[in-house]
Amino acid sequence: MTKILHIVGGGMAGSEAAWQAANMGLPVVIHEMRPKVGTFAHRTGDLAEMVCSNSFRSDDDEQNAVGLLHWEMRAAGGLVITMADRHRLPAGGALAVDRDAFARAVTQALHAHSLVTVTDEEVTTLPASGDWIIATGPLTSPALAESIHAISGSDALAFFDAIAPIVHADTIDMNVAWRQSRYDKGETEAERTAYINCPMTRDQYESFIDALLAADKT
Amino acid sequence: MAERGRETLRFGPMKPVGLTNAHRPEDKPYAVVQLRRDNALGTLYNIVGFQTKMKYGAQTSVLRTIPGLENAQFARLGGIHRNTFINSPTLLDSQMRLKARPNIRFAGQITGVEGYVESAAMGLLAGRMAAAGMTGQSLPPVPASTAMGALVAHITGGADARTFQPMNVNFGLFPPVEAKGGRRGRKDRYKAYTDRAKADFLNWLGEGPHAAAAE
Chain A
1 MTKILHIVGG GMAGSEAAWQ AANMGLPVVI HEMRPKVGTF AHRTGDLAEM
51 VCSNSFRSDD DEQNAVGLLH WEMRAAGGLV ITMADRHRLP AGGALAVDRD
101 AFARAVTQAL HAHSLVTVTD EEVTTLPASG DWIIATGPLT SPALAESIHA
151 ISGSDALAFF DAIAPIVHAD TIDMNVAWRQ SRYDKGETEA ERTAYINCPM
201 TRDQYESFID ALLAADKT
Chain B
1 MAERGRETLR FGPMKPVGLT NAHRPEDKPY AVVQLRRDNA LGTLYNIVGF
51 QTKMKYGAQT SVLRTIPGLE NAQFARLGGI HRNTFINSPT LLDSQMRLKA
101 RPNIRFAGQI TGVEGYVESA AMGLLAGRMA AAGMTGQSLP PVPASTAMGA
151 LVAHITGGAD ARTFQPMNVN FGLFPPVEAK GGRRGRKDRY KAYTDRAKAD
201 FLNWLGEGPH AAAAE
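The listed protein sequences correspond, in order, to chains A and B.
Mapping to my numbering: the first sequence position 30 is 30, numbers consecutive.
Mapping to my numbering: the second sequence position 96 is 96, numbers consecutive.
For reference, chain A alone in the conformation it holds in the complex:
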């Protein structure tokens, strides 16, 4: 019986793992639930979709550890780095890419590989048999995370990164807002004025709460 390597997740890790294994002569199946099952962060069904930024960070392979990692992946014939190089954008010393063109190129290369199959079948439990690589990323489904927890009998852990909105300071109306720390706390003038404050009347507060409660949530 021919052995097949199953890879769960078609992000950076899953795509690269599939490419490497297939190039060593092994049939590979990538299980990527997108676009059938989406996530809040992804926009497409492409493999290797870049969700956060479009940068692979420093490309300096002499002075930077990330740049060194680029170099090593180039030496090892990495698919991700090859396509990143092909679709790079001007970005100083960083390796930034056209993210759509990059993801399409990775997707096409894997689809075109004779030993690679891509399926949208979702995997919700850790398989008991067969050879698997789990590369489901930071948005691993709760069901699969629970299965990992049950089998490992130890700390499979999940946490939430909560991010508050960030405003460009020069777009705040300082005729309305003012600088002051609560109770004017602080040793220096800079500390006593560390915060920008936006005042609300009772009516403004009530309508703000109404708008907040009515807004679409993720």
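Calculated directly from the structure, the hints in this document are not laboratory data.
It is possible that part of the hints are untrue.
Unchecked claim - Result set (DSSO-like, lysine-lysine): computed pairs, CA atoms no more than 30 Å apart in a straight line:
{"hint": "1", "chain 1": "A", "residue 1": "K217", "chain 2": "B", "residue 2": "K187"}
{"hint": "2", "chain 1": "B", "residue 1": "K53", "chain 2": "A", "residue 2": "K217"}
{"hint": "3", "chain 1": "A", "residue 1": "K36", "chain 2": "B", "residue 2": "K53"}
{"hint": "4", "chain 1": "A", "residue 1": "K36", "chain 2": "A", "residue 2": "K217"}
{"hint": "5", "chain 1": "A", "residue 1": "K36", "chain 2": "A", "residue 2": "K3"}
Since the structure of chain A is provided, determine the placement of chain B on it from the hints.
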């Protein structure tokens, strides 16, 4: 938070105490939205306590109802992101296999590496390790002096399991370079790290199974 009660925010992050409106000192605000400096330059401010589940479109219009933020431009909107990773130092062996189920490997951010590049690198290793094992080829361990080796050594044992947190690649994960006579400058030291890594990596590639180059 607002869902817990209409007054929750006014007694939490939006409480007006200890603040006097510099423009209208006689008017006591009913509530106050505070923004905290987010970068050294002072060009970015985050809204304190406003981690929110609101969708992006709704978020912009709701936040612009805050007095003073009517024309605000947002560098980043708020959100709550799930970030799941396993405790690799206790769960994985040096081959990135689940100790309790050696037919299963892990790769990418779920192993506690951070970033696209690190994820791709761990995928590269996991793919090669799996393929070597399944096709009966031998793959020597990637040297810890290389970036890939340093990362995999960190997550599969080098890191403290009790305080394990997602990690970017950095020279602190590498075995120290031997100093040759006197203190080196940082530039020289980094160059020494990368020179050593490149030589060791090429040597490792030469010892292992030969994969076809990309395309």
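Against the structure, the hints come out as follows:
1. Pair hint K217(A) plus K187(B) does not hold up; C-alpha atoms about 48 Å apart against a cutoff of 30 Å.
2. Restraint check: the Cα-Cα separation between K53(B) and K217(A) comes to about 5 Å, which is no more than 30 Å; the hinted pair holds.
3. A threshold of 30 Å between alpha carbons decides the hint, and for K36(A) with K53(B) the separation of about 23 Å falls inside it, so the pair holds.
4. A threshold of 30 Å between alpha carbons decides the hint, and for K36(A) with K217(A) the separation of about 21 Å falls inside it, so the pair holds.
5. Distance check on the hinted pair: K36(A) and K3(A) sit about 27 Å apart at the alpha-carbon level, within 30 Å; holds.
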